Amino acid sequence: MSAVRTTVTTEVRLFLRDPVAAGFAPIFPALLMVLIGLIPLGDEDFGGRALIDIYAPIAISMGVAMTALVSLPTFMATYREQGVLRRLSATPARPSVVLAAQAAVNCGAAAVSIILVHLVGGLAFGLSAPGTLVGYLLVLVLGIGCLMSLGLVSAALCSNGRVASGVGNALFFPMAFFAGTWTPGPAMPDLVRAISDFVPLGALVQALDATVVGEWPSPLHVGVLIGWTVLGSVVAARFFRWA
Amino acid sequence: MTVIDIRGLRKSYGGRAVVHDVEFSVEEGEIFGILGPNGAGKSTSVECLTGLRERDGGAVKVLGLDPARDRQAVRERVGVQLQESRLPDKITVAEAMRLYSSFYPNPVDWRDLVDRLGLGDKVNSRFGKLSGGQKQRLSVALALVGRPKVAVLDELTTGLDPQARRDTWGLIESIRDSGVTLLIVTHFMDEAERLCDRLAVIDAGQTVAIDTAAGLVRRSGLPHRIRFRAVGEQVEDLVAQLPTVSGVERRGEHLVVVGGEDSLTEIYEALHLRGVRVTDLRVNQPGLDDAFVELTGADRAAA
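Order-wise, the sequence lines are chains L and E.
For the first sequence, the UniProt record's numbering begins at 1 and goes up steadily by one.
For the second sequence, the UniProt record's numbering begins at 1 and goes up steadily by one.
With the rest of the complex left out, here is chain E (with noise of 0.2 Å):
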């Protein structure tokens, strides 16, 4: 079932379009991924799938529902952490999670939310005095305390140290192990990498790619770049005669070859039939990050 479906999202603010074409689609119990470089359109797409924000074109279905004209609903079903909100410093955990089940027709208990999180020890910490991750915990608590069916993550783990990440990380599997349909906008490519399902990759207000990490890795079509040791007679000629190879440098007793994904598979099997030994060997894939350069030009932005 399509839980989240957005084709030609449009959306300008004085003149300039953030968004021009937006577009992607979330199937039921995916975990989502939405990156892009800072100012690409991420988070404006986010709020108008929301409601936080009216969209200027395009059609948005939420669970069925149409975020611009069944607001309320939408908002009792879509569970929201935002970049840059914060609580009062003075409300404490407890109170905060009180406030917010009072919102929703339909509650979980939050006693058991905030255990699970974590936050069990802190019910009575003010907000002020929880550490990074403890506050980004309790802002993901928030968003799943109105039972929600989809839950948008908005740069969860932007400035956590390492380990908090990862343990928002497992967090977030667990949340959707249990039932709950993720979107999560990011611009860590591990993160992206590690967690997500499928990613949309999106770039100067449109959709420019969607796939998986490893799709897009391949779809960049960026080379491999593999680097051995082999002694014999004309394996430099043998290993550029191989179908994926694009090319082939010697370095004293190493070979540096650029190719496809499958050009090593080719290159081990090619130089064991003759009996050659491969040795010290290296690998260079791309990874998700080089893709998302490529596809989104950031590098060219850069220069």
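For reference, chain L alone in the conformation it holds in the complex (with noise of 0.2 Å):
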């Protein structure tokens, strides 16, 4: 067998022995979907839309950000700390593939994260189908492609994977809040809405939201998106370390 198919098939099933990022970020925005579901809904008025619609851009893009800025790079970090890319380094191999096939595997689990909200949230909940499909799918991408290069500049910069792993969570939770988990965007006072904007999860919310009610995204958002994609990857090439 070659060796990219290999390496791959072996950290898919690493990944899946991995219970926090196997077991749990796939299904998470689906279990928020469960929640927002099940909300008995009074006479709040949500701009004549229906609050799973305005909830699954977060969900959606809390799950992405899970995996991109937690599951990631505790897995590079972790194998940096124990040498495995050094002894990795020490064969034909290149360290390289099985960083692009950890960078795979995670974007594999974001992608079954969102299909498991549309399928949860269409059949159960009547989550409306996205306004325009091309530009959800491109929002998705740049969306994907931007958080998890900002998890590679945690993996670049955490000495370990206990290190990475918080830094993950204490990088999550504050752009969780300005991407509306807590008050999704109508809701947010004004100041909140404007900081939201730049950042990642609230500009991928909000230009997800936009495809959604069948509107192409801002192109502030947009901008945003592919600024944090390109000051990440140029931060994570700078200080990435194999050993």
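If you're looking for bench data, these hints aren't it; they were derived computationally from the structure.
Quick caveat: nothing in here was measured; it's all calculated off a predicted structure.
Example chain L residues on the side facing chain E (calculated, C-beta under 7 Å, incomplete): (1) Ala3; (2) Thr6; (3) Thr10; (4) Leu14; (5) Arg17; (6) Gln82; (7) Gly83; (8) Val84; (9) Arg86; (10) Arg87; (11) Ala90; (12) Thr91; (13) Pro92; (14) Ala93.
For glycine and all other residues, C-beta sits at the position ideal for the given N, C-alpha and C.
Could you use the hints to bring the two separately framed chains together as a complex?
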């Protein structure tokens, strides 16, 4: 079997054995959908939209963020700390194959979490399909790329898996606040909303939300996502160490 | 045939020369040891010859290849067991073997290999659940799975219990018997003495001696101490006149003699001719550890 295929297979198996990375992160957004779907709605007004439709982009963004900011850096920092990558560099294989396999596995996990949200939301709670599917998918790709590149910064700077996991969580919760997890966009105070425009998770939620109602995302949010992606990639590449 | 040839190796980290003149060569089929105190530059030398680090200067040839230029070819032919490198805790023995097999163009059958290394009943165990000895054997298996001509084993038995160390020695000899040239980095004297055909002693970034273990002891010129009981007239003077004896001291009925490695034979023959009985004999020979301390000046550092 080829080295790349075996490496990917091995990384998938290792990923599936991690209870948080494989057991919790991918189903977490779908669980949020269930909670939201079960909230008895009073006479609150959400601008004529169903609460579940407003909440789906938030849940999806949180799922991607958890995988990208917690799982990915924890795996990579642990690999570096334990000398897994150094040992690989003594073989004819390139350690970059392992990193690529890890990134692919995490992107796969993010994709699974998104599909679960649509399955659970669509089947059980009448979640609407995105207004513009092309725009929706493009924003998802941008968002996954952005958050993964920020995860790589953490992977590059954290000396070991425990630190990476701590940093990931410390990034995740404030970002989740600006993404509107507790106060969805329409209910946010103006200042929080203004900051939220520039926070990766906030920009992602709002860009997704635009495509859900059939509009194109605002250039500001697309620009913010691309900007963070570029910044993250540059910093990660600058500080990354194999050993 | 010379398999590894290193001359004038230099390597600095941040302006500090860790290695400034290491040289040694290893012949095909040898078990060659690199011995040295902590921080002497052993691991750095090994990393330069396996292509894990770029050297700053000197000539390095491994199987006729330069690890800095022909990195890929060297990695295909040299198996490495590294200090302080682990596998992911949740990978199983079989998965690790399959993964590493896939990296090499012509791997051995990994099932045979793990059987030979006594891990046959552990193939489905996770790395994190293996004992220290089993982890080391797995790392040896990974170093050998690519059918290497040369295997480099760095601090292989550090952290193992005495029984596991002894088992590992037997393993290393059987690897050599299968035709692999072995380079072993160690700081255990008994291991070096027992296993290695020849040794390079490295101290403060340079090679200070290359020889067999016995040769290193001889070269150190350390005295043998011989203590025995001999009753008779002028025994003391007689012994003192022997060519290799450098000192005699009487302690009651016992003589304590300091001399070279031939002193014992000389004393015994001389006294036997005079009909003097030698009893209660005790010989204190210098060992490789004494020679090592002498060669590396480890005592000076400690003092």
